[in-house]
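Protein chains in written order, with my numbering: chain A, 1 to 276; chain B, 1001 to 1367.
Among the clues, some could well be false.
[What the hints assert, rightly or not] Some chain A residues judged to face chain B by a derived CB distance under 8 Å, without partners named: (1) Lys32; (2) Val36; (3) Glu47; (4) Ser162; (5) Gly215; (6) Gln217; (7) Thr227.
[To be verified] Keeping only pairs whose Cα atoms sit at most 20 Å apart, straight-line, the calculated EDC-like set for lysine to aspartate or glutamate is: (8) B:Lys1275 / A:Asp129; (9) A:Lys272 / A:Asp160; (10) B:Lys1275 / B:Glu1074; (11) B:Lys1189 / B:Glu1207; (12) B:Lys1053 / A:Glu185; (13) B:Lys1280 / A:Asp129; (14) B:Lys1053 / A:Glu56; (15) A:Lys89 / A:Asp107.
These aren't lab readings, by the way, just hints derived from the structure by calculation.
By construction, the Cβ of each residue, glycine as well, lies at the ideal position given by its N, Cα and C atoms.
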Amino acid sequence: MKTASRIFTALVFIFLFAPIAILIVFSFNDAKSLSVFSGFSFRWYSELIHDDATLESVRNTLILAVSATVISTVMGTAAAVGINRLRSKWIKSAINTVTDIPMTNPDIITGISLMLMFVFFGRMFGRSDSLSFTTMLLSHVTFCLPYVILQVLPKLRQMDPSLPEAAQDLGCTPTRAFFKVTIPEIMPGVITGAIMAFTMSLDDFVISYFTSGAGFQTLPVRIYNMTKKTVTPKMYALATIIFFVILTMLLISNFSDEDASEKRKIKRNNRKAAKK
Amino acid sequence: MKKIVSIALICVFLCLMLTSCGGETLTLKVYNWGEYISEGAEGSYYTIREFEKWYKAEYGQKVRVIYDTYTSNEDMYSKLAAGAVSYDIAFPSDYMIERMIKEGMLEKIDFSNIPNYSNIDSNFKGLYYDPQDQYSVPYTYGIVGIIYNANVVDEADADGWDILWNPKYSGSIVQFNNSRDAFGTAMYKLGLDVNSTDKADWDKAAEELKAQYPLVYSYVMDEIYNMMEAGEAAVGAYYAGDYFTMLDAQADDVDLCFYYPEPTNYYVDAMVILKGTQNKELAECFINFMLERDAAVANAEYTYYASPNKVVYTDEEYLEELGEETIDILYPPIDNFAEQYNKYAYRNMSAEMLDYINALWEKIKIN
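Build the full structure now, drawing on both the sequences and the hints.
Right under this line is the structure:
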């Protein structure tokens, strides 16, 4: 039984990571082919560095992801605080359902409906190029927002509501109490929400495809447009780099998370000990 | 946390400012196929930047080119027609140009601003999609040929369209995975008109495709590259320019060869100016620049497609770079290109005919 479950786990991992492994291996291929490995080289990496157009799309993707993350994190946290304070259970669950819609809605429907809306309003103001960086940013914030709210809400629920009240009792203004007490308490949720928003925005293709305007093309859209000819191994090189950057980011956030929770445990234990 | 947020915000604003500053700058928006222009990789010619430099030197004014890409004619058409985006220049294919002219989406070009238009071979003037040559300037053209693996295929069989129906190569034949191109192969084989409006012609072609079905290894579009390169498939039809891309990457035990069956399909992609352009003269200036020797040669070398530009295919450096064999395949002697083209190229069909064809196609593939 044990060996069976081990084999099963191994299969799952192979299935998950074989594609990435193949991509990484072929990013070091000297030839263009996907079938023949003709020698190890950094050729595609050096070509990538000199490909201004691709690098610009990487830059665009990052600008968009960072802006969307910042905006949706701020808005999402504020929204979560608001939702948490709602008294009526009925309204609360109604709002929760509504915020979940962009998340459960198929991307393609979100993308097309956003494009139609932008074009519709653009037409109203007599513009023939309604799509731009702004519309893309709005769309990204739209689909990132629920992820932030979803991460922050449970942290708010876990938090003892008497903590900010205590701060106010001790002379804090409500705003100060919020920044001094509430925010640090829900910080892990905010950070996870921000990381999720960032990754969602980074790898989104469908919605970007429908809402991108002139002069601002993101990396996924650019790769897709390369399919008239074949996608060059340059893209494997780029994907490999992105994969490792994300991997290190994940590792760092995991370790720092563990660190933080360890410290908190120690603090709590100390406090308990002091009380006794 | 506050610090992190504010630093992030500052970064964002700086980036935005960098992209938007520049004072009195003209902008030109170009919409092209992906991978369809030389973009400066490996120190090669960076067409867009060179144009900006050249314009600054020539007219003393800064110009910024916004360059975006699309994957298909339909993709480009739907975005433009919806009014979602606006561009000054696009590179549609023939049938799409015809349709865009009909729908009034294109601007007439003032050819007095494009002196280099005289570089275009006379074979590429007066083609069906723009019979008076008012709206378009040809950029590339291509011809469909048969690609085969000479280690598998007998040279004697490599002739005409019949090879795609040859039972000897059962299980190694790949066929187009879109109705128009697949029907095309059958109709050229049978000597039918690929733009026929007679449903009986299409039924005949469908029968032919049904007969081919058991021999076919796979119905493909872009997958053909890897299948042919690896030797998984041995016979297939594709464009000459793409054959060279496969040749570059073929496996050791694969020996890809190429020939043109007759008759066959042609396409022309051309530069057009879109209605609503902000600066038509600038757009014409760009088109003229694209026909200039340096830009035209660099782009022809990059795309590997044939150029209708006389300056390109008579250029010594270009001929040397591509090699005699490549040139012979890429530029086959065609008597009366215009006549052949107008007869055998795919044209836009009525929606009703397209529905009928697609229904036939679905039936073949379900089989």
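Hints, one by one, checked against the model:
Interface restraint check for A:Lys32: the shortest CB-CB distance to chain B comes to about 4 Å, inside 8 Å, so the restraint holds. Because the beta carbon of A:Val36 sits about 5 Å from the nearest beta carbon in chain B, less than 8 Å, this interface hint is met. Interface hint at A:Glu47: satisfied, since its Cβ lies 6 Å from the closest Cβ of chain B, which is below the 8 Å cut-off. The closest approach between the C-beta of A:Ser162 and any C-beta of chain B is roughly 23 Å, which is over the 8 Å cut-off, so the hint fails.
With 8 Å as the threshold, the beta carbon of A:Gly215 comes within range of chain B, its nearest partner Cβ sitting at about 4 Å, so the hint holds. A distance limit of 8 Å between C-beta atoms decides the matter here; for A:Gln217 the minimum to chain B is near 5 Å, and the interface restraint holds. For A:Thr227, the suggested interface contact is upheld, since its CB lies about 6 Å from the closest CB of chain B, less than 8 Å. Between the alpha carbons of B:Lys1275 and A:Asp129 the distance comes to roughly 12 Å, so the proposed pair stays at or under 20 Å and holds.
A hinted pair counts as satisfied when its Cα atoms are at most 20 Å apart, and A:Lys272 with A:Asp160 qualifies at roughly 17 Å. For the suggested pair B:Lys1275 and B:Glu1074, the alpha carbons sit about 18 Å apart, so the restraint of at most 20 Å is met. Restraint check: the Cα-Cα separation between B:Lys1189 and B:Glu1207 comes to about 12 Å, which is no more than 20 Å; the hinted pair holds. Taking the CA atoms of B:Lys1053 and A:Glu185, the gap is about 55 Å. The hint is violated against a cut of 20 Å.
Annotation: proposed proximity of B:Lys1280 to A:Asp129 holds, straight-line Cα distance about 17 Å (limit 20 Å). Restraint check: the Cα-Cα separation between B:Lys1053 and A:Glu56 comes to about 19 Å, which is no more than 20 Å; the hinted pair holds. Taken as a hint, the A:Lys89 and A:Asp107 pair is broken in the structure, with Cα atoms around 30 Å apart against an allowance of 20 Å.
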